[in-house]
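2 protein chains.
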Amino acid sequence: MGDGHGFAESDQWFARAERVIPGGIYGHQSPALLTRGEYPSFMHSGDGCRLRDVDGNRYIDFICGYGPIVLGYNHPAVEKAVDQQRRLGDTMTLPSVRTVELAERLVGMTPGAEWAMFAKNGSDVCTWALAIARQATGRELVVMADHAYHGVHGWCNGITNGFPDSDRASVRAVKWNDSAQLETLLDQDGERIAAVILTPFRHEAFEDSVMPSGEYLEKARALCHRHGALLISDDVRTGFRLDMGGSMQKWGVTPDLLCYSKAIANGHALSALLGSEALRDAASKVFVTGTFYLQAVPIAASLATLTELGASGAIDHMHAMGLKLCEGLAERAGAAGFDVRLSGPPSIPYMRFTDDGTGFDRSRVFCGAASRLGVLFHPHHNWFLMAAHQEKDIDEALAVSEQAFASVKAAF
Amino acid sequence: MGDGHGFAESDQWFARAERVIPGGIYGHQSPALLTRGEYPSFMHSGDGCRLRDVDGNRYIDFICGYGPIVLGYNHPAVEKAVDQQRRLGDTMTLPSVRTVELAERLVGMTPGAEWAMFAKNGSDVCTWALAIARQATGRELVVMADHAYHGVHGWCNGITNGFPDSDRASVRAVKWNDSAQLETLLDQDGERIAAVILTPFRHEAFEDSVMPSGEYLEKARALCHRHGALLISDDVRTGFRLDMGGSMQKWGVTPDLLCYSKAIANGHALSALLGSEALRDAASKVFVTGTFYLQAVPIAASLATLTELGASGAIDHMHAMGLKLCEGLAERAGAAGFDVRLSGPPSIPYMRFTDDGTGFDRSRVFCGAASRLGVLFHPHHNWFLMAAHQEKDIDEALAVSEQAFASVKAAF
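Residue numbers (numbering that gives the first Met the number 0), protein chains in the order written: chain A, 0 to 411; chain B, 0 to 411.
Derived by calculation from the structure, the hints in this document are not laboratory data. Bear in mind that the values here come from a model prediction, so they are computed numbers and not experimental data. Among the hints, a few may not be true.
Remember, identical chains collapse to one label, so a pair may be satisfied in a single copy or spanning two.
Unchecked claim - In silico EDC-like pairs for lysine to aspartate or glutamate, Cα to Cα no more than 20 Å straight-line:
id : residue 1 : residue 2
1  : Lys174    : Glu78
2  : Lys174    : Glu326
3  : Lys284    : Asp164
4  : Lys284    : Glu17
5  : Lys408    : Asp186
6  : Lys284    : Asp54
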């Protein structure tokens with residue numbers, strides 16, 4: 000433990016967890032996806048851009064709950080709105096008027112969107128978008144980029160254990176950034192294709208992030224128009240860190256359906272589906288509902304989050320802080336003799352070691368060392384900035400990165 | 000408005016809602032499913048068993064948020080636990096130890112369960128249960144009762160608009176309470192059947208509730224054992240109102256997989272999947288995750304809810320209050336010259352007018368009149384009791400029911 004943080008409490012809790020939860024912790028938070036032995040397993044509390052784990056160790060967090068924390072943990076304006084709504088009611092037999100206010104707000108700020116609906120998970124709204132597209136077009140096929148992550152419903156779950164092949168019967172995959180392939184598929188099968196679902200940029204785990212090349216999104220938009228298919232933007236992971244009108248706006252593209260979740264309520268559980276006027280009728284004919292979809296507190300939290308994001312210029316700030324982080328990392332990597340690749344936009348960056356191989360060995364040592372020293376990066380999932388990151392936090396993280404690069408040097 | 004509550008504010012908000020949300024309010028909370036013009040559309044606040052709508056009208060609520068409110072709105076012990084956890088953290092980059100505590104608690108109180116996992120929606124965990132069953136058995140087919148409601152995923156959404164036929168390719172439906180049909184199906188196709196998913200009793204909307212007859216559940220349990228299929232209990236709607244060890248325990252049956260949501264955290268968004276030791280490995284191999292699945296606040300709320308339910312004898316109390324309500328309704332119906340059918344267990348009761356036809360015309364007048372007079376019943380969905388219902392609330396509701404029966408008499 001001379002190398003920084005120790006995890007005795009985390010380890011004890013994890014041993015308890017393994018007895019009553021398969022794998023101890025499952026899904027994207029599984030410790031199996033981090034650097035074994037170098038990360039905590041359980042968090043105690045959060046404030047601003049800082050987390051504290053159950054051993055009392057403190058971290059500057061660049062994982063942000065895997066996206067949702069966009070302003071900062073325990074943000075005063077959001078939590079004040081939550082307090083006010085909680086005193087009234089949350090889950091009630093009928094919704095609160097906050098639902099209407101949030102739909103109005105989203106419609107008002109989002110080009111092309113004339114209505115909104117709410118759910119709990121990103122996966123819920125991506126699936127709901129497909130259903131509306133099928134209902135509107137009377138067609139069955141949907142097109143996605145190969146290996147893209149759109150959630151855990153059977154049609155898109157990348158790990159197919161337990162999901163029958165029939166769940167994927169109507170899905171066709173294309174190569175990201177290959178306009179020609181998309182054009183060929185739509186030319187051939189356009190009459191059967193209800194929708195093309197794309198993320199604004201490619202951000203798969205275990206890969207560099209890839210921005211859309213040239214006119215890729217614009218071309219996809221045009222091809223959908225030409226063939227009567229709908230363009231769905233899965234903005235679940237990227238929303239509210241690139242453009243308040245939806246991330247595809249950065250490339251001048253307006254989708255027919257727009258899926259949000261994660262950052263929409265700064266950590267409160269909510270997802271949203273926005274759509275065009277032409278799809279209103281189809282949306283009203285697809286039955287999708289959930290006990291907690293319209294609970295008032297997360298919706299109140301979202302209203303406050305959107306207000307704060309807009310008023311504070313948070314997206315520009317995250318861009319600037321992310322740029323400072325990325326430039327600082329590239330510089331320190333070079334000084335230590337490493338070739339690293341920074342990919343993705345600065346507010347949703349990712350760094351890996353060039354030629355690190357499929358094991359991500361250097362990344363795992365680097366991120367593990369940073370964790371021990373109080374900075375949470377992820378070895379093979381993109382990172383996130385939040386508005387709470389200030390210059391001094393970036394400076395502190397960069398100082399830690401120097402030590403982490405030294406650890407990689409020592410290990411290889 | 001001489002007939003009680005008026006809904007001017009609700010109506011204004013609903014007109015705004017219709018402009019930005021398809022249908023205004025969608026899903027199970029859609030006003031289209033209640034008695035048009037006789038119910039509010041938006042709630043303002045709740046406390047105990049009482050709700051207040053945006054016009055200031057007050058109600059004794061027997062819909063309970065369609066299940067989740069099992070202790071009462073704004074319950075002090077639950078909200079105290081929520082306050083404590085909120086000061087620490089909710090959605091964090093890694094889970095809190097509350098996750099482990101809740102899994103331990105559920106395993107400790109549930110016969111046959113050796114592990115637990117958490118999600119947000121009932122539909123999430125029913126689908127997850129099927130995936131684990133398929134992974135464990137290497138088989139693809141699942142059996143459900145015809146028209147049973149297990150959520151809105153493609154395999155079970157009763158309204159198929161927008162969902163391709165292939166989503167239901169692996170599902171076989173049987174008639175509820177027909178052991179012989181289930182036996183025949185398993186004898187024929189047993190080697191291909193991964194699981195049978197059943198609710199503890201039949202509680203479909205637009206129908207009387209139907210309890211399992213004779214040895215139905217026990218027979219289903221035995222047939223699954225014989226054919227190597229798994230029995231899944233969908234306890235999403237029924238959980239924590241019949242038996243704290245899972246509702247099928249009332250009939251002496253222990254399922255292999257148990258799905259909870261709704262009442263598990265008294266209105267905070269959470270669902271849980273519990274399973275047997277034999278399924279632990281399969282559960283760890285199915286990838287299901289969601290950004291908010293392990294957020295700490297709903298899990299802390301669940302711990303407090305389960306403590307309070309157990310310590311207060313809430314299930315017995317809800318049974319007693321439900322019995323008083325049902326007996327009082329039957330008596331008043333008879334006195335008014337109506338033949339009504341009370342179905343379901345007293346804590347999850349449902350009343351309809353015998354020979355009311357498919358339009359539920361008398362039920363709609365009855366429930367609409369009750370709403371105008373300050374009691375929320377539902378014309379064609381089962382009702383719920385909560386621990387906050389006291390004798391005086393039942394007496395008040397029964398007094399209102401007398402006037403509502405008189406309204407039906409006047410209308411027909």
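Here is what the structure says about each hint:
Taking the shortest alpha-carbon separations for Lys174 and Glu78, neither the intra-copy value of 42 Å nor the inter-copy value of 49 Å comes in at or below 20 Å. In this assembly of identical chains, the alpha carbons of Lys174 and Glu326 never lie at most 20 Å apart, being 30 Å within a copy and 65 Å across copies at closest. Proximity of Lys284 to Asp164 under the C-alpha cut-off of 20 Å is restricted to the inter-copy arrangement: shortest distance 17 Å between copies versus 27 Å within a copy. For the homomeric pair Lys284 and Glu17, the shortest alpha-carbon distance between copies (14 Å) is at most 20 Å, but the shortest distance inside one copy (43 Å) is not.
Within a single copy, Lys408 and Asp186 get their C-alpha atoms no closer than 52 Å, and across copies no closer than 64 Å, so neither meets the 20 Å cut-off. With identical chains, the CA atoms of Lys284 and Asp54 are never at most 20 Å apart, being 51 Å at best within one copy and 29 Å at best between copies.
The structure fails to meet hints 1, 2, 5 and 6 from the earlier list, while all remaining hints are met.
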